[in-house]
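2 protein chains.
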Amino acid sequence: MRSMILSVGTELLFGQITNTNSVYLSQQLNSLGFDVLHHHSVGDNPRRLADVIRSAFLDCDIIIATGGLGPTQDDLTKEVVCEAMGDTLALDESELSHIKGVFKRIGREMTENNVKQAYLPSRATVFHNEVGTAPGFALENDGKIIICMPGPPRELLPMFEKKVIPYLEKFMDSRIFYRMIRTFGAGESWLETELLDLIDAQTDPTLATYAKEGECALRVASKRGSEAEAVSAVDAMVEVVRSRIGELIYSVDDEELYQVVGRLLIENYVSISCAESCTGGLFSEYLTRVPGISAVFDRTFITYSNNSKIEELGVSSATIEKFGAVSAETALEMARGVRKKTGSRLCISVTGIAGPDGGTTEKPVGMSYIGLCFDDFEDVQEIRSRFAERGSNRYYSMLCMMHMIYAVLSGSPLKLRR
Amino acid sequence: MRSMILSVGTELLFGQITNTNSVYLSQQLNSLGFDVLHHHSVGDNPRRLADVIRSAFLDCDIIIATGGLGPTQDDLTKEVVCEAMGDTLALDESELSHIKGVFKRIGREMTENNVKQAYLPSRATVFHNEVGTAPGFALENDGKIIICMPGPPRELLPMFEKKVIPYLEKFMDSRIFYRMIRTFGAGESWLETELLDLIDAQTDPTLATYAKEGECALRVASKRGSEAEAVSAVDAMVEVVRSRIGELIYSVDDEELYQVVGRLLIENYVSISCAESCTGGLFSEYLTRVPGISAVFDRTFITYSNNSKIEELGVSSATIEKFGAVSAETALEMARGVRKKTGSRLCISVTGIAGPDGGTTEKPVGMSYIGLCFDDFEDVQEIRSRFAERGSNRYYSMLCMMHMIYAVLSGSPLKLRR
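Chain order of the listed sequences is F and E. This note's numbering puts the last residue of the first sequence at 511; the count rises by one with no breaks. This note's numbering puts the last residue of the second sequence at 511; the count rises by one with no breaks.
Looking at chain F on its own, in the form it has when it is part of the complex (with noise of 0.2 Å):
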C-alpha cells in the first residue's frame, strides 16, 4: 500500500525538535511492505492539514499521522480528519473513564479540557492508550484509510506495535526484507561505477548505494510475498555483491565499525592499548562504547604534548626532531611504547593534524600516521582524509584505526580503493 507519514505539530517547523516519529514508522512500515512514499509536516492549523490530506490522498492509500489529538486548544487533527473522511466525533464513555482514571491515579485533579480527548470519530477503530490519556484510532472512507497516533514517542511505540500492527494485517500483501552491506575504503562514486550492472539490472532485490561519512554503504532490499522469500533473494544478491568487493565488506549484519572491532576484540580475547594525539581520545571513545570491552580494553595515553610522547611512551626526541611529532617514525615509536609499558597484544597509536591550522604543503591538514603492533607483527600506514574540517578529519582518522585492527583480526589486508 502506498503511504504518507504526517506529523502534525508547530514545533516541528519551528525546528524544536526533530521528528524520530518518522524514522520509526518509515522503518516499521517498510518492513511490513508498505511504499512510504512521502513524509510530511504541517502545524497545528486546520485549512492547511486539510488540505494535505486532500493532495496525500492523491497519491497514496494510506496516511499514519501522529500528533495532535492533546488535550488544548490547538490540537485539531481529529476535528480535521474527522471532517475530511465524512464523520462526526462522539464522546467514548469507556475512553473517558479511562482518562479520568489516570489523574484520579496520579492524585491531580482533571481539568476539563481533558474531556476533549474522549471524542472520537463515530465509525473509528479506537486503539486505547495504555500509557497516556490521548487515544489513537484509524477510520475508513471510501477505500482510503488514516491512522491517528500520539505524537510522543513512548505513547506512540507501544500504541503502533500493540494496536496498529494488527490492524494493519489484513492490508499486508507481501514483506520487504533489506541487509545493509558496510564498507570502508571506497567512495559512493568508485562503488557505483563498479556495481553498475547490477544497479541497472535490478528489479528485486534492488541495491543502491548510500555514502556515510568516510565510509560507504550499500542497501539490498527485496519485496516478496513471504519473509522467507525475500530473506532468500536479499542472501543471493548479498553473496554477487560480495564476489565482486568483498574485501571491503565489514559487516552485512548493520553492525557499525566500531562494533565489529569490538566484537572481534572480546571473542578472540585481544588484550588492547591505545596512544592518541590527534583524535584525543576519540578511538577510545568509540571503543569503550561497546558494552563489555573491559574484558579486553586495558588503557590510552592520549599524548598531545610532544613532551608526553616522549614522558609517557619513551618517543625519542631525535625522532620528533627529525622527523616531526606527525611521522610514520613517531606513530610506529609510539605503538611500541604502548606495547612495552601495557604488554597489550595489541596497541595502536595514532599522530596526525587535524586542523583547522598547523598544516604545510608536505603535510597537509588531514594527514595522519597510524602505527599497529600485534604480537610480533608491525605496521604503519599514512592517511589522507579527504575532509577539510577538524571534526571530520578526527573521525576518519579513527575509521582508519578502527580498520587495521578489523584487518589484523579478519586476515583480509587493510585495502583503500581510490
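Wrong hints could be hidden among the right ones.
Intra- or inter-copy, both count: the list cannot distinguish identical chains.
Said to hold, decoys possible - Computed list of lysine-lysine pairs in DSS-like fashion (alpha-carbon distance at most 30 Å, straight line):
1) LYS255 with LYS316
2) LYS433 with LYS237
3) LYS263 with LYS415
4) LYS456 with LYS193
5) LYS255 with LYS456
6) LYS209 with LYS415
These aren't lab readings, by the way, just hints derived from the structure by calculation.
Could you slot chain E onto chain F? The hints should help.
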C-alpha cells in the same frame, strides 16, 4: 515569506537516516523571519518530486530543498527543478575544474559520473561548495524561488550560512534575533516554574525553555523592523533572566559548555591533564574539539583497568580494595596522581558505572565520582545521572566534569538544582 523545506532522498523514506537538515533549516529560516509552513520528504522519483514542487507553490513562495545533487544516477533533483522552473542545464566550467581539483588533491581518479555535478540551470545563482563537490543554486521563476543544496550536513551548513543567507537578504522584511541562554544544573520544569510569569507575559521578546540532554536552554527571541531593535529587546530580557537564575547560566552566546571551558583554559593559560575511566576518552575528545587547545592540554590517562589506575596514576591498591574503583577516594587519588606525574595546574579525574551492567544498590548504574586538583585546591563530587543508558551516563559525567572546571575557573560554585 511562506516557505517549505523539501528533503529529497529515498533513504529518508526507509528510515535509514534522521532528518536533521529540516531541524537546522527550520531554526535558521524562522530566525531570518521566514514562515516555515511545511516539511516534505520525497524519494528520488522524478514524477513525484515534480508533483510535490507544483503543490508546494500553491501555498508557498519559496522551497528550500536538500539532497539529490550527487554524482550517481538516482540524483535527479536538479533535472526536475530545472524543468519545473522552465530552465535547462548547462555545463559550468568553473565548477567542473573545481571537482577535478578535489579528486586531484586526494589522489583519486575522477569517475565520469562526477561530471554530472557541474551541470547547472542556466539562469541559476550558483552556490559554490567549499567542502564537497556538488554545488548548490537558487532558481527564480515567476515570483517563485527554489533553493537546492547538497544533503550531507557538513556541506549544507557552511553553504547555507555563507552563501544562501546573503542571497536571501533581499526577501527579508523583518528580522528575528535570538539568544540561547544556556544553563546547567536545573531541569526544564523547574526552570519553567521559576520563570513562569515571564513566559506567560510574553509577546515580544518571547521566552521558551528547551530541554537538552543533561542541560536546559532558554530561547529569547524578538522580531522587529531592524536587527538593532531586536537585539536590544532580547538583551534586556536576558538581563531580567540573569537576575533570576544567573548562577545557572554559563553562556548567552550559544557556546557549548566544552567550548566555554576550552576558551577559559586557553585565555587563562591553565595547563590541564586528565584521568578518565568510565568515560573512556569522551571528556578529552570534547576538550580537544576546541582548536588551539594544544596550548594548554598536555595529556590524558584513560585508565580502564584497575591495574592501569595503580601503575599509571599511583592509586593505592588498598584504596581500590577498601572503597572500590568507583569511589570518592579513588577519584581523588587519580586526580592527585595526574598532578604528580604531569605538573599540570588543573587535573581532573572520573570513575563511575556507565552500565548496562556493574551497578549495585549502593552504587547504581549512572553514579560517578569526579576528582579535581587546581593548584592547591582539591575537590571531589558524587554525580548521579538520571539517565538509564550507557551513552547518556557517560555524556552526563563529561558535562559535570566540564562544569566543575567552569566553576573553579569562573569563580562560581557548582550548583545542581533538583
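Structure-based check of each hint:
Taking the shortest Cα distances, LYS255 and LYS316 sit within 30 Å of each other inside one copy (22 Å), while across copies they are farther apart (43 Å). With identical chains, the CA atoms of LYS433 and LYS237 are never at most 30 Å apart, being 67 Å at best within one copy and 67 Å at best between copies. In the homo-oligomer, the alpha carbons of LYS263 and LYS415 never lie at most 30 Å apart, since the shortest distance is 69 Å inside one protomer and 56 Å across protomers. With identical chains, the CA atoms of LYS456 and LYS193 are at most 30 Å apart between copies only, with a shortest distance of 21 Å across copies and 58 Å within one.
For the identical chains of this complex, LYS255 and LYS456 are inter-copy neighbours only, at 28 Å across copies versus 50 Å inside a copy, given an alpha-carbon limit of 30 Å. With identical chains, the CA atoms of LYS209 and LYS415 are never at most 30 Å apart, being 67 Å at best within one copy and 46 Å at best between copies.
Hints 2, 3 and 6 from the list above are not met by this structure, while the remaining hints are.
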